[in-house]
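Q: The lines below spell out each chain.
Protein chains: 4
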Amino acid sequence: MSAQNPVFIPGPTNIPEAIRKACDMATLDHRSPDFAKIFRPAVAGVKQVMGLRDGEVILLPSTGTGGWEAAISNTLSPGDTVLAARFGMFSQRWIDLCQRHGLNVEILETPWGQGAPVAAIEAALAVDATHRIKAVLATHNETATGVKSDIAGIRRALDAAGHPALLFVDGVSSIGSMPFEMEGWGVDIAVAGSQKGFMLPAGLAILGVSRKALAAMETAQLPRTFFDFRDMLNSYAGGGYPYTPPVGLINGLAESVKMLTGEGLENVYARHARIAEGVRRAVAAWGMTPCAVSPELYSDTVTAVVVPEGFDGTAVVTLAAEKYGMAFGVGLGEVAGKVFRIGHLGSLTDAMMLSGLAVAEMCMADLGLPLTLGSGVAAAQDYYRGQGAAVRAAA
Amino acid sequence: MSAQNPVFIPGPTNIPEAIRKACDMATLDHRSPDFAKIFRPAVAGVKQVMGLRDGEVILLPSTGTGGWEAAISNTLSPGDTVLAARFGMFSQRWIDLCQRHGLNVEILETPWGQGAPVAAIEAALAVDATHRIKAVLATHNETATGVKSDIAGIRRALDAAGHPALLFVDGVSSIGSMPFEMEGWGVDIAVAGSQKGFMLPAGLAILGVSRKALAAMETAQLPRTFFDFRDMLNSYAGGGYPYTPPVGLINGLAESVKMLTGEGLENVYARHARIAEGVRRAVAAWGMTPCAVSPELYSDTVTAVVVPEGFDGTAVVTLAAEKYGMAFGVGLGEVAGKVFRIGHLGSLTDAMMLSGLAVAEMCMADLGLPLTLGSGVAAAQDYYRGQGAAVRAAA
Amino acid sequence: MSAQNPVFIPGPTNIPEAIRKACDMATLDHRSPDFAKIFRPAVAGVKQVMGLRDGEVILLPSTGTGGWEAAISNTLSPGDTVLAARFGMFSQRWIDLCQRHGLNVEILETPWGQGAPVAAIEAALAVDATHRIKAVLATHNETATGVKSDIAGIRRALDAAGHPALLFVDGVSSIGSMPFEMEGWGVDIAVAGSQKGFMLPAGLAILGVSRKALAAMETAQLPRTFFDFRDMLNSYAGGGYPYTPPVGLINGLAESVKMLTGEGLENVYARHARIAEGVRRAVAAWGMTPCAVSPELYSDTVTAVVVPEGFDGTAVVTLAAEKYGMAFGVGLGEVAGKVFRIGHLGSLTDAMMLSGLAVAEMCMADLGLPLTLGSGVAAAQDYYRGQGAAVRAAA
Amino acid sequence: MSAQNPVFIPGPTNIPEAIRKACDMATLDHRSPDFAKIFRPAVAGVKQVMGLRDGEVILLPSTGTGGWEAAISNTLSPGDTVLAARFGMFSQRWIDLCQRHGLNVEILETPWGQGAPVAAIEAALAVDATHRIKAVLATHNETATGVKSDIAGIRRALDAAGHPALLFVDGVSSIGSMPFEMEGWGVDIAVAGSQKGFMLPAGLAILGVSRKALAAMETAQLPRTFFDFRDMLNSYAGGGYPYTPPVGLINGLAESVKMLTGEGLENVYARHARIAEGVRRAVAAWGMTPCAVSPELYSDTVTAVVVPEGFDGTAVVTLAAEKYGMAFGVGLGEVAGKVFRIGHLGSLTDAMMLSGLAVAEMCMADLGLPLTLGSGVAAAQDYYRGQGAAVRAAA
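Chains as they are written, first to last, in the UniProt record's numbering: chain A, 1 to 395; chain B, 1 to 395; chain C, 1 to 395; chain D, 1 to 395.
So here's chain A without its partners, still in its complex pose (with noise of 0.2 angstroms):
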């Protein structure tokens, strides 16, 4: 694989320069005052970039597998009830996460290219009069199948239902690059990891939490230690941290949060919005289809690709390493080797975005599939020349 390439997986991305030497740093002594001036303008512009106001951010040496282990066992208990969607790999393997920690999982089988089911989860609150749910589970931006789901519309369902549930979204591979409102939406847990719209090398579980998930964490029982969100707190409090944080990688986060706030949220919403258009409309020039069923679904940071029957996809992703040392992304559990998956998010230019669609065809072309080279380039290039590329993007 060429280091000189871009990425086109859908997390970790492309690193910005400017992250990787604020994450390069010699050694801070983590508790003199220094610590807390890196600490803590990370910790308000994740607050920013999740739309989090009444509550705390936690930050945990850990990949969102850890934030999503630290939401269950601050709040839960054994033998306690969540709802949740199964519908692609991370929302499955959120709820086997559940399961081994002794949790009882209500599950909703969805096919896969569609997103939470709304109308589902509100029918089962409806029915849960005893509120035996604690918390609902949700996969903001399923990355196997490049869906994104309607968090507002399960808020609305908890309320329609009236249902004190607590509610808790994996945001891994939506937050910072696409719209998240925890406080609009009523998210009480969000989970996000530091090596996507954060472009930061993995090592970070990002998490918000509301106020009342931070009261459920006086009562949960489910052990934990490592991931304890009260002595985060408690040490924080202080300017500290409860052991040896990863001094860099929080550093890299003071930065990347004064990056997509220096850019605009809203500017790095609609690069992502627009580059991501760009790759559907190369989809779309190939003769193929996303694997996210209908446009609102579909996800500004990845998208996984149908391949034609009887071809692997697999083998786009193989050649493209071996021959071009380009990275996508292979399909993942019930869809693999039906689609390759094209990441889309971080430190992305339209320039970077149609060396990957190049490349894309390339392989398809070798492995025989009859696409017309530079249709898909062609189709991406008319429709970014259109929007005005952003030069400024996060550099």
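Since the hints were derived computationally from the structure, they do not count as laboratory data.
Do not take every clue at face value.
[Claimed, not checked] The calculated DSSO-like cross-link candidates involving lysine-lysine, where the alpha carbons are at most 30 angstroms apart (straight line), are:
(1) D:Lys338 <-> B:Lys21
(2) A:Lys323 <-> A:Lys47
(3) A:Lys212 <-> A:Lys37
(4) C:Lys338 <-> A:Lys21
(5) A:Lys21 <-> D:Lys323
(6) B:Lys258 <-> B:Lys47
Fit chains B, C and D to the known structure of chain A by using the hints.
A: Just chains B, C and D now, kept in the frame of chain A:
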């Protein structure tokens, strides 16, 4: 705090250039075969550093605390009994973690400044005819007091008692700096962190796991997902990782073990011993003593210097930071205020250490302690120049 | 300008990660033996890249312009005559430099778009019975027009005329990217710069000097100190440097030659040829032509694309920078406005090049040129995929 | 040589992290408007550091030697007379350069250890009724002997003699570390290098040029192209550069002047004076003396320590490098073997300096010099702690 001076905290350590550059990577697709090319030499090198032949190395995007949690949650079940001595802040924290996870901890209270009480451990094991004790927890190097414990002795105690308990060792601040022999000492799980002897930024828990401990994971009932060894080992077998790995840190670890084995582990240990002895001679020249109560307990990675009655050790640390831009460690827990700590592990030269001693002296003089400026430095100089400094120390 | 996109200027080129890290060094005492450990492999590698066996390599903290000045001031005396063809901005500048330094330049005026006129050179030498001409100056790759000259032909012309003049070649934008044979072509001084095929930042003039040229330095009367070969060679002999050397750049050069020879010079040249041919096919698909008037003149490092009459080539460059954050080169001198230039040298992949072609297309479409979006990209894709892209290109 | 220890050579200095990161740039198109955004603040900051108001700053991809050559070749003509004192290796080298370029140098021989002889200069000017002397050359800080000269005194001498000669000052190892006043002292050309007080890698000659010197360039007949101020200034006016500039170094210079002016030039000078005085107190404690013969000559950037008769100063430097991995400077020219040099300029803290003094002591003790270990360190400690160390020193 000046970023120009070396740090003398007992971790994170000063990071060598080569390691900083290895960590600072462009994004690499962790699902590509390139990942294994980084991961495998890192793991092989860790085995060498830990003295592990038959067993597995687990790398977790976490810290030493996460490593402790992983050790117990992968091998034990709620209600299990573990035996542990409490003789410092870090042994205390591991005990607390076990209790939070529902284990029954049989605690051997031991004065701070002493090491793990081998005789008491042997006695406790001897009376445990039913083998209620599932694991013995030992802190190899208690970072709070600068005390090294006799792990080989604990192994002998287990053997003498014919007791089948697992032996878990916290080697966070010893591994890579002081001799450590997983096989030789019959250690079942050794926990290390990236930010000490491995000279990396924080963010990686590094575990060595024996076959016996691996067998225990099949029956362990403590919940875990993020830390689950089974997922790890299944993924490693195929050159992968169960979730997004911190590739840069692992690449840095590969560089670290190359540096350590390139210098020669015996040379690394000798360098640490030499630098530490210089520090202790300086302490003696100041008319003070280490917190560790006898020479065989002296740690080669950190010295907790006992300050005179009525004097606040924390003031040395504060003044050093504020006036001289240099970081030392404060006393923690029972010895808060009674000691200040000089970290002397990782990437250090004699010359760097002398600057730390010189600053400590100036601070103590500034604070009115009756010592002679230059006295500690001279004692260390005299020792170092007789030993032949290691110019080739991990650069 | 976005720092995320590759640059497509004809130098400085994109800098590979490994070279950036090699250049970014802590201070090293250049009077210590450590300096020679960096300097010597750099020099040995440059010899290999230049095809120099019997002679010396000189490294000057300077640029190509300084290299030109060093070439003449170390070998010639005021009033000496040199023979040079003028067929582009860089051949013009070298002529101007000679004139400023008091040389008499016999200029062979040659249309821009053509190469060094071998027949005219031979004719000029043939009539120079008194050997008034002390040196022939030739620009191997005229960066302004994208024209490659026939240096072997000039050597044959010299030999045919039995003329003893020195042969000085500007290989700034060819060496390391296109075949160059100092010995084979009888080149007496070859001038290269760090920021082209060597993929380094600007700051180093790299000269190959034959024995014959070294002999000339004994009698040369042009004043020089900073550029004096004698001081250089005297210092090199002892592993030193006559003044403070740019150690980081030289370390980067050592890495560069390791990368070039590691990839294999033949592979490096083939990669440049492949990428260049793709660019030319794109140009043809756009209905345009290179400035170079015939195929044997086509440069493999830069293509000057002739834009239609009435159209301003500079506008493409300006729009690409402002709207798409991508850098191309403007036309210079006689061809200002008539061409825009696409640099395709150094650290590049096919995928990167396709992003450059895609942006050039969008710009030309934006500016109203009647081309089909995707047409040039498709032509290049078609060519590249047939050639088997070099994933392992200098990373 | 260990890369972990600071260097104590009189340049290049230790490079601060922020400057290393500023220098380490991805390629930026130097013909785009982005270049001026880097160049202009760099130039503005240099003016501030040099105390230059009415004149120009010239940045050359070169070194101090190139700066000297540029100073004379842009202002003088073959056969012109210049007046210069010889009192160290660097004043000697500038004289040699002038002679090689065809100037007539009137040399005032001055013992090494003394500074520029103001009275003798005045006398020489007074007798030059025909104003044969076109320029006076002065070395502000003679790096070979650690001697600071009185530039204001030379200006007074010129004024007293009513002599119109230009005043050229080598400020390579003083500017940015010691007070320098181009306007106040009536300096016509000041020559600095990137690798001393500016704390950058070598590779940039930095010149301040007065209006009077700029006027001289119109009539100067010495040949120059690479160093030609006219090309430079023409290009600067349009935000450009006459050839490919070393963009990273210039970006680093912009960071450097931001750091220097951010710390406050007075604070920078006071820090250098404080650290230097500590070194001199250590030297006195060792029973030795600086090469500079009287206190008003003491340099604040380098101390040449005179070793006892019969002792080889070079041995200290060799042993420090080989045994302790630390770099000092050897004696040069007339004082070779008689001194060793301690550089104390650029990015340094008191703590770093103490490590240098401690190592120098160990080396001298190892070599049998009858000093007390710790004595020099203690003298410096005593001084530093009374002065209040500058934690915020250029980090």
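Q: Work down the list of hints and note, for each, if the structure agrees.
A: Taking the hints in turn, this is what the structure says about them:
1. D:Lys338 <-> B:Lys21: 41 angstroms, violated
2. A:Lys323 <-> A:Lys47: With a Cα-Cα distance of about 42 angstroms, the restraint between Lys323 of chain A and Lys47 of chain A is violated, given a limit of 30 angstroms.
3. A:Lys212 <-> A:Lys37: The given pair, whose Cα atoms are some 28 angstroms apart, holds under the 30 angstroms limit.
4. C:Lys338 <-> A:Lys21: 41 angstroms, violated
5. A:Lys21 <-> D:Lys323: Roughly 34 angstroms separates the two Cα atoms, so the pair is violated.
6. B:Lys258 <-> B:Lys47: 12 angstroms, holds
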